[in-house]
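Chains G, S and V, in that order, are what the protein sequence lines are.
Heads up, the first sequence is in our numbering, so the first residue is 1 and it goes up one at a time.
Heads up, the second sequence is in our numbering, so the first residue is 1 and it goes up one at a time.
Heads up, the third sequence is in our numbering, so the first residue is 1 and it goes up one at a time.
Among the clues, some could well be false.
In silico PhoX-like links for lysine-lysine, alpha-carbon gap of 20 Å or less [what the hints assert, rightly or not]: (1) K184/G / K350/G; (2) K23/V / K201/G; (3) K39/S / K23/V; (4) K294/G / K265/G; (5) K85/S / K141/S; (6) K294/G / K201/G.
The hints are simulated quantities; they were obtained by calculation from the structure and are not laboratory data.
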Amino acid sequence: MTMLSERQQLSYIAAQAADARLNVELETEGMTLNIGPQHPATHGTLRIIARLDGEQVIWAEPSAGYMHRGYEKLTEVRTFPQVTALINRIDWLGSFANEVPFILAAEQLMEIEAPPRAQHIRTILFELSRIANVSLFLGDLGVQMGAVTPVFMAFRDREYVLNLIEGATGGRFHPNFDRIGGLKDDLPKGWLDETRQVMKKLRNFCDEIEDLLFGNEIFQSRTRGIGVIPADVARQYGLSGANLRASGVDWDLRRDQKLPLAYDKVDFRVWTHPDGDSWARCWIRLQEVREATKIVDQLIETLPPGPVMTKVPRIIKVPEGEAWVSTENPLGEMGYYVVSKGGLGPFRVKIRSASFNNISITPWVLKGVYVPDIITILASLYFILGDIDR
Amino acid sequence: MMNLALEIPYWGQSLLRVLGGIGAVLLPAGTIVYLFLFKMMSFMQSRLGPMEAGPFGSMQLLAEVGKWLQKEDIIPENADAKIYKIAPIIVLVSTFLLVVVVPFGPDAVFTNFSAGVFYALAIGSVSVIGILVAGWSSANKYSLLGGLRAAGQLIAYELPMVLAVVGVVIQAGSMNLQDIVVAQNSGSIFGWDGVGFPFVLTQFVGFLIFMIAVQAELTQVPFDMPIAESELVSGYMTEYSGFRFLIFFIGEFATAGVFAFIASVLFLGGWGIPFSWFGWESLDAVDNWMNIVGPIIMLTKMLVLTGIIMWVRFSYPRFREDQLQRFAWKVLIPLSLANIAVTAILKVAI
Amino acid sequence: MPKVPGLVKGLGVTMGTLFRTVKNGADTIQYPHAKEAPPVRARGVIALREDNCTACMLCARSCPDWCIYIEGHKQLAPPRRAGGKPRQVNHLDRFDIDYALCMYCGICVEVCPFDALFWSPEYEYSEPRIADLLHDKDKLGEWMETVPEAPELEAGAEKKK
Numbered sequence: 001m002t003m004l005s006e007r008q009q010l011s012y013i014a015a016q017a018a019d020a021r022l023n024v025e026l027e028t029e030g031m032t033l034n035i036g037p038q039h040p041a042t043h044g045t046l047r048i049i050a051r052l053d054g055e056q057v058i059w060a061e062p063s064a065g066y067m068h069r070g071y072e073k074l075t076e077v078r079t080f081p082q083v084t085a086l087i088n089r090i091d092w093l094g095s096f097a098n099e100v101p102f103i104l105a106a107e108q109l110m111e112i113e114a115p116p117r118a119q120h121i122r123t124i125l126f127e128l129s130r131i132a133n134v135s136l137f138l139g140d141l142g143v144q145m146g147a148v149t150p151v152f153m154a155f156r157d158r159e160y161v162l163n164l165i166e167g168a169t170g171g172r173f174h175p176n177f178d179r180i181g182g183l184k185d186d187l188p189k190g191w192l193d194e195t196r197q198v199m200k201k202l203r204n205f206c207d208e209i210e211d212l213l214f215g216n217e218i219f220q221s222r223t224r225g226i227g228v229i230p231a232d233v234a235r236q237y238g239l240s241g242a243n244l245r246a247s248g249v250d251w252d253l254r255r256d257q258k259l260p261l262a263y264d265k266v267d268f269r270v271w272t273h274p275d276g277d278s279w280a281r282c283w284i285r286l287q288e289v290r291e292a293t294k295i296v297d298q299l300i301e302t303l304p305p306g307p308v309m310t311k312v313p314r315i316i317k318v319p320e321g322e323a324w325v326s327t328e329n330p331l332g333e334m335g336y337y338v339v340s341k342g343g344l345g346p347f348r349v350k351i352r353s354a355s356f357n358n359i360s361i362t363p364w365v366l367k368g369v370y371v372p373d374i375i376t377i378l379a380s381l382y383f384i385l386g387d388i389d390r
Numbered sequence: 001m002m003n004l005a006l007e008i009p010y011w012g013q014s015l016l017r018v019l020g021g022i023g024a025v026l027l028p029a030g031t032i033v034y035l036f037l038f039k040m041m042s043f044m045q046s047r048l049g050p051m052e053a054g055p056f057g058s059m060q061l062l063a064e065v066g067k068w069l070q071k072e073d074i075i076p077e078n079a080d081a082k083i084y085k086i087a088p089i090i091v092l093v094s095t096f097l098l099v100v101v102v103p104f105g106p107d108a109v110f111t112n113f114s115a116g117v118f119y120a121l122a123i124g125s126v127s128v129i130g131i132l133v134a135g136w137s138s139a140n141k142y143s144l145l146g147g148l149r150a151a152g153q154l155i156a157y158e159l160p161m162v163l164a165v166v167g168v169v170i171q172a173g174s175m176n177l178q179d180i181v182v183a184q185n186s187g188s189i190f191g192w193d194g195v196g197f198p199f200v201l202t203q204f205v206g207f208l209i210f211m212i213a214v215q216a217e218l219t220q221v222p223f224d225m226p227i228a229e230s231e232l233v234s235g236y237m238t239e240y241s242g243f244r245f246l247i248f249f250i251g252e253f254a255t256a257g258v259f260a261f262i263a264s265v266l267f268l269g270g271w272g273i274p275f276s277w278f279g280w281e282s283l284d285a286v287d288n289w290m291n292i293v294g295p296i297i298m299l300t301k302m303l304v305l306t307g308i309i310m311w312v313r314f315s316y317p318r319f320r321e322d323q324l325q326r327f328a329w330k331v332l333i334p335l336s337l338a339n340i341a342v343t344a345i346l347k348v349a350i
Numbered sequence: 001m002p003k004v005p006g007l008v009k010g011l012g013v014t015m016g017t018l019f020r021t022v023k024n025g026a027d028t029i030q031y032p033h034a035k036e037a038p039p040v041r042a043r044g045v046i047a048l049r050e051d052n053c054t055a056c057m058l059c060a061r062s063c064p065d066w067c068i069y070i071e072g073h074k075q076l077a078p079p080r081r082a083g084g085k086p087r088q089v090n091h092l093d094r095f096d097i098d099y100a101l102c103m104y105c106g107i108c109v110e111v112c113p114f115d116a117l118f119w120s121p122e123y124e125y126s127e128p129r130i131a132d133l134l135h136d137k138d139k140l141g142e143w144m145e146t147v148p149e150a151p152e153l154e155a156g157a158e159k160k161k
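Assemble the whole structure, with the sequences as input and the hints as a guide.
Okay, here's the thing in structure tokens:
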């Protein structure tokens with residue numbers, strides 16, 4: 001090591017000090033921002049821990065579980081009819097859709113099948129709950145981006161759908177209408193005519209939302225090219241439903257799977273979008289609402305006569321066995337793995353809910369985006385807290 | 001004809017000015033909140049809005065004020081208490097200072113600055129300080145982000161606003177707001193003086209830029225990232241409660257009213273009606289009753305302009321911060337500079 | 001036809017809604033002044049027909065969150081025919097439903113073998129104190145009046161046996 005002269009040494013120190021000062025000025029200190037658990041954008045209690053550099057996210061992770069209600073454990077100490085009432089509450093916006101896969105799994109174990117009329121009505125209610133769920137998403141999308149009006153339109157027109165569900169099942173949010181072997185009751189008189197009119201209103205609502213929100217240049221600049229998820233990444237993270245279709249994967253359990261539901265009797269289009277960005281996810285959902293109204297219209301026309309309940313014993317005991325049934329729920333693939341030991345209730349139920357997998361991609365997709373984009377990406381991924389935490 | 005102002009002693013004039021100033025700030029704020037925030041927004045969302053307090057909910061605002069006044073004035077433990085308390089007052093005071101230069105009639109003016117435009121634009125940006133210190137002193141990350149966004153945004157949009165006004169100043173040949181009003185109402189379009197000569201006709205680009213900049217200055221949607229309730233909870237106002245929040249709230253809508261006043265003075269002919277209708281030659285010849293009619297005309301124009309501001313607010317989603325800056329620096333500022341150049345060339349040529 | 005910018009279209013939608021609201025009135029209902037009639041099947045509140053109840057406890061046992069409390073005792077009732085033996089009947093002492101716990105699933109109404117429980121669309125029974133939501137059999141009996149007739153079924157439906 002060469003010795004420096006005093007003068008050299010001093011200048012060296014001065015240069016170092018200058019460098020240091022420069023670094024102090026340029027180096028920005030990161031900030032950890034807790035988005036949630038109580039935050040307007042997380043529709044519930046999801047917490048996103050984001051490490052920020054200025055307004056840019058360098059690391060983000062979702063922290064779920066603030067609303068864990070332990071449904072998988074609860075089902076073990078409930079009888080089969082009671083479980084149906086409980087699992088209504090998983091995805092609370094499209095609750096009828098929660099019942100269907102569970103009931104189908106139980107029916108599979110009992111080796112019975114609902115009569116065709118019951119299958120039809122099940123499918124109609126399934127699609128109605130999809131509309132109720134996704135139309136609120138369309139309105140909520142506006143609120144997450146600062147537009148206040150779409151959400152009121154969504155609530156207004158969703159109310160008609162909820163009235164339909166209430167008119168048929170008795171429950172606006174938690175129908176508890178599906179039974180092993182069929183349905184609790186048939187439809188009340190005049191319900192089908194009302195449904196036809198509401199479907200017209202809903203298509204009108206879709207046009208309005210498209211004019212108000214989707215056609216808006218500001219909205220497009222906020223969503224196009226933001227939060228791009230390529231198809232292979234989407235598959236690896238286990239995305240499903242509209243999020244996966246928005247990445248260009250043509251995958252829809254309604255069409256691809258043979259289940260005792262009436263989807264094979266209607267023709268509908270499965271929309272996909274090649275972009276995989278926030279815009280694509282929103283747009284796919286808008287088209288899905290339209291498609292769902294068309295499915296409901298077709299099913300109403302072809303509703304077969306007959307009973308809505310097969311013969312089942314009054315006290316239901318499901319024979320020993322295991323069954324896995326998943327359906328294309330409003331949020332994505334929702335499945336129940338039901339294990340029965342021949343008792344009154346299931347031995348174990350594993351619930352695969354769509355939102356839990358859908359938000360698992362957030363650390364990947366939020367890297368490098370700005371704080372406002374966190375909100376749009378979360379909004380476009382569309383999760384429901386009950387569906388994440390169960 | 002006696003001049004109205006001469007009949008009143010000085011203390012009376014001062015009292016009138018103070019009362020008028022308070023009225024000119026609070027009356028528009030209340031009207032805007034009731035008419036647009038409560039009613040227009042509700043009707044646009046196919047609901048009726050508040051209906052219980054007073055006939056058609058007209059007393060709702062008073063009820064809300066009462067509610068806010070009862071609430072606890074919470075100051076966060078780590079907040080810089082002194083600055084935290086002052087911040088909303090800075091915002092409101094800047095609004096009061098802003099209204100001082102706006103002329104409401106031939107004699108109904110608070111002050112008659114010869115550099116009125118300059119003063120208004122300078123004072124208008126004082127509220128930035130209030131917002132910035134509110135965001136900083138709250139000791140909250142959301143507030144900090146909101147305050148910083150507000151500072152960046154308000155400064156960025158100050159510039160196109162000033163540049164848009166320059167066109168008007170060139171055309172009127174004066175920076176006095178009263179002179180600008182007179183120039184618009186005594187002017188004529190190719191010899192026809194039926195509607196005077198409101199500058200919005202020639203300065204349409206300037207008017208558009210000014211209104212966009214006002215929208216941004218007021219942090220209304222689509223430029224409301226400093227508040228951004230879905231991202232930053234409530235931006236710089238997150239920690240405020242009770243009457244300090246009320247002051248922010250009043251400040252927001254009062255400033256909307258005052259900026260609309262200024263816009264109507266600069267572009268829409270202010271308090272005046274075309275002078276040719278009554279054969280007035282100059283400002284001194286204007287009849288005294290204009291001191292009563294003038295404020296009403298101003299209020300009407302203000303309501304039309306704030307109506308447009310609010311209409312946009314209730315219809316649009318918001319920009320992202322960087323898009324907003326890009327829009328200001330890459331679109332609005334070049335456009336307003338071009339506007340100035342064209343105005344200046346035409347002014348010299350014609 | 002030139003494309004209308006989305007910004008202008010959006011303004012048109014909100015203004016259109018404004019005019020429609022002015023012309024046709026709002027889609028909302030001013031609740032305490034006007035009320036919306038819930039559908040016939042709406043699950044508003046559970047009403048009890050006390051005479052039919054035999055305190056068999058089926059509903060209490062099938063309730064998913066155990067919010068029904070039943071107490072009863074056996075007693076002798078006068079014979080049906082003159083000269084017969086006195087019958088033994090179950091008398092209902094207590095029938096409480098805790099509406100703070102109730103999930104409104106309707107399982108109790110469904111399992112009741114003697115048609116003692118009914119759904120009523122009545123919904124205005126909120127209480128300021130949560131403990132007051134525990135309603136006894138007298139209160140549940142009052143709601144019997146609001147129980148509507150079961151609706152007719154849609155065409156093609158089979159009558160229940």
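Each hint tested on the structure:
no. : hint            : result
1   : K184/G / K350/G : 25 Å, violated
2   : K23/V / K201/G  : 18 Å, holds
3   : K39/S / K23/V   : 15 Å, holds
4   : K294/G / K265/G : 13 Å, holds
5   : K85/S / K141/S  : 18 Å, holds
6   : K294/G / K201/G : 12 Å, holds
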